[in-house]
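Participant: What follows is the residue order along each chain.
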Amino acid sequence: MTPIWTHLVLNLGQVAFILVFSPLVEGVLHRIEENIQGKSGVSIWQTYRDIWKLFGKDEVVSEQSTWVFRFAPIVAFVMPIFVVLLIPAFTAYPLFFAFMGDMVAVGFLMAVSGFFVALAGMDTGNIYAAVGASRTHMVGFLAEPVFIMVFFSVSYVANSTIPYFVTATWGASWSNMLQPTHLMVILAFFLLILADEGRIPVDSPAGKVEIAMIGHSKGLEYSGSSAALMKWGGASKLMVLALIFVNVLVTPWGLAATTQWTAVLSAMGLVLLKLLAFVVILALVETTLAKLRLFRISEFLAVAFVICLFAVSIRLVGIT
Amino acid sequence: MMAPVSAIMLSIDGSIAALFVIFGLGVMVSRQMLASLRFFMWQASALTASALALAYALQAVNLLWVALITFTTKVIAVPLVLRWAAGEEVYGRREVDQAMGIPASVLVAAMLALVGWFAVAPVLPTLHGVPFAAINLPTGLIMVLWGAFTVAVRRESVAQLMGLLIMENGAFFGSIAIVHNLTVIAEIAAAVDVPIVALVIGLLIRSIRRVTGSTRVGTLDKLHER
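Keeping their order, the protein sequence lines are chains V and X.
For the record, in the first sequence the residue sitting at position 6 is 132 according to our numbering, with numbers rising by one throughout.
For the record, in the second sequence the residue sitting at position 155 is 140 according to our numbering, with numbers rising by one throughout.
In isolation and in its complexed conformation, chain X is listed as follows:
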C-alpha cells in the first residue's frame, strides 16, 4: 500500500493522460506522414511529462530516468533515425493511404477506447493502493489498441511504424504507474529498443521503396508478373 497522493497531482496526471489520448488520436487521423510523426513526438512528450509528474508525486527517482530516456529516444532519436532511413517518405509524401476512412476510423477508435476501459475495470480493484493506476492503465491500454488498429488499417509502412510506436508509448504509459522502481538498466534496455525498431523498419521501408518504387505496402498483397 502506498501513500495517498494529492488531488491536484491526480488532476495533473489526468490532464496529461487526456493530452496523451488526443495526440494518439492525432496520429490515427493524420493524413500526412509528417503530421503523424509530429503527433507522435507530442505524445512522447506527454509521456515524459507523465513520468515527471509521477516521479514528483511518488518520489520515485527511477521515473526521472524514464522521463529522460523517453524524451531522448522518442522525441529526439526516432525522428532523426526516420529522417536518415526514410527521409523522402516521411518528409516528402503528402497523403497516407488507408483501408478505412477517417470518420469510420475515429468511431472504431471510440469503441476501442470503451473496450480498453471496460477491460481494465476488473483489474483496477486489485491495484487499489497504487495511485495513478486508474488513470494511466486504461489510457495505456487504449493506446495499445489504437496502435494495433492503426497498423491494421494503414497501407503505408511508415504510418504502420507510427502505429507500432504509439503502441509502445501506450505500454510505457500504463506501466510507469504500476512499476516505477525498475532498475535503470532495464528502463534503458526497453527504451533503446524504440529507435532500433524505427531503424530496422526504416531500412526495410527504404529497401521496399527501392524495389517497388513506393512504400504502399497495402498493394503488395498481389503477385506481379514481370
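If we strip away everything but chain V, and leave its shape as in the complex, we get:
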C-alpha cells in the first residue's frame, strides 16, 4: 500500500476509533462517578445499550417543528467526526486530512454543531429547550474568548495552528513541556472542557430537573434514532475534546511514529489509557465540586480567560 493510501486508511481508522470507543469513555466516566459517590453504578457498556435501544425505537416529531429539528442530530453526530480527521488521535505524523483545517477550524466545527442543536431546541416550541438553548448561548458567548485565547497562546508557542505541529512542539523536550505558558493553557483548556461539555461546576449532566438544566434540556424532544445520534454525537464530542487535551496538550507522546500496525495498535492502547486517566480526573473534579449558580458561571470563565491572558503575556514578556 502506498503511503498516501495508508494515511487515508489510518485517518478513517481514527473515525472508527472515535465511533467505537466514545460510548465506552462515557460509560466509564459514569461508572467511576457513581462509584466515587458510593453507588454500585451502571455497566460501562450501558451507553452502547442505550444507543442500540434508541435506534430500534420509533421516532416522534412535533408537527410544529421544521427541517432544523431533523437536521440537527445529523450535524451533532457528524461534526466530531470531521474534527477527529484533523487531530492526532493515535499517530504522531499528519494523516491524509490533517491540513484540511487547523485548530480554528476545529473550533468552528464545534460551534456549528452547537449552533444547530441550540436552534433545534428552540424549533420544537418546548419552553425548557428554549431556555436551555439561550443558557447554552450565554455560556458559549463567555467561553468564546477563552477558546480564542487558548488557540492564540498555543499557536504563538508552536508557531502553527495545526494540531500535529503543536503536539510535536510540546513533546520535543521536557523544558518545552514545563513552560509556564503550557501549564496555564492546560488548566484553561480543562476549565473550557468543563464549560463546553456542560459538566459540573457549570452544569449537572446527571440532573433531572428541566428548569435547572443548561445544555441538556435542548435534546429533551428527541426520540428514536435522532436521540441515538444526539447521544452518540455527544459522547464523540467529549472524546474528541479529551483527545485534544491528552494528545495535544498534556501528554504529547506515546503516539505511533510509524505506519506499522503494531505501532498503531500499541498507540491506540496507550491513548485509551491516557483517556482513562483523564476520565478519572474529570470524575474526581465533578464529584468534589458543587454546581455553580447560573450567574456565577461568568466568574468561572473569567478566571479561565485571565489564565489564558497570563499564558500569552508570559510569552510576550519573555518568561520561558
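Warning: the hint list may mix true and false statements.
[Said to hold, decoys possible] Selected chain X positions facing chain V (in silico; Cβ < 8 Å):
(1) I(-7)
(2) I7
(3) M85
(4) I87
[Unchecked claim] Far from chain X, by Cβ distances over 10 Å, these chain V residues were calculated:
(5) L180
(6) S188
(7) A256
(8) M264
(9) H342
Bear in mind the hints are in silico, worked out from the structure with no lab data behind them.
All residues carry an ideal CB built from backbone N, CA and C; glycine is no exception.
Fit chain X to the known structure of chain V by using the hints.
Facilitator: This is chain X only, laid out in the frame that chain V set:
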C-alpha cells in the same frame, strides 16, 4: 556573576511560578473563606517547591531552610492558628463580601499583572547574572500587588488577612531568587512573623466579632447610635 543553570530547571521554576500565580488568583476569586485558605496553603506549597528547586539548582543550602520554614509556618501553622483564633469564621462562613464583583476583580488582577511585569522590566537587566530572577521577581511583585488589591476590595477581615498573607508569599517568592544566602536566623525571623500576624489578626477578628456579631469590617465605616 553566577553559574548558568539548566534550561529544564528554569522551566520547572517557571511552572511553579505559574502555579503560584494560579493559586494566588484562587485566593482572590474564592467566594468561600475555607477555599481561600486552601488556595493560600497551596500557594505556600508552591513557594516551598520553588525554594527547593532553587536550592537544588544553585546549590544553596539556606534555601532548604527557607523551604522547611515556609512549609512549617504557612502550610501547617497558619491554618492551625486561624482555626484556634477565628475557627467559626474560617470554617463556618459560606460567602465573603467584597466591594467589587469577581469578573471585575479578575480583570483588575490582569492589569496589575501587566503593571508588575513592566515595573520589573527596568530592574531585570541589572540582575542579568542572577538566574531565576526573571521568573521569580515579576511573579513575586504581581502577588504583592494582588495581595494589596485583595485587602482593598474584601470587606471581610479574614479575607483581608488572606490578602496580607499572599503579599507576604509574593515578597518571599521574589526575594528567594535574589537573596539566597541570608543567615538562617534571619529566615526564621522573617517566617515566624507570618503565624504571629495570623494570630494577632485572628484575635482581632475574634474581638470584632464579639462586639459587632460579624467580621464584615466593610460595614464598620459608619457610626452606630446605641
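Participant: Evaluate each hint against the coordinates.
Facilitator: Consistency of the hints with the structure:
no.	hint	in the structure
1	I(-7)	holds, 5 Å
2	I7	holds, 6 Å
3	M85	violated, 12 Å
4	I87	holds, 4 Å
5	L180	holds, 40 Å
6	S188	holds, 39 Å
7	A256	holds, 26 Å
8	M264	holds, 14 Å
9	H342	holds, 25 Å
The structure shown violates just one earlier hint, number 3.
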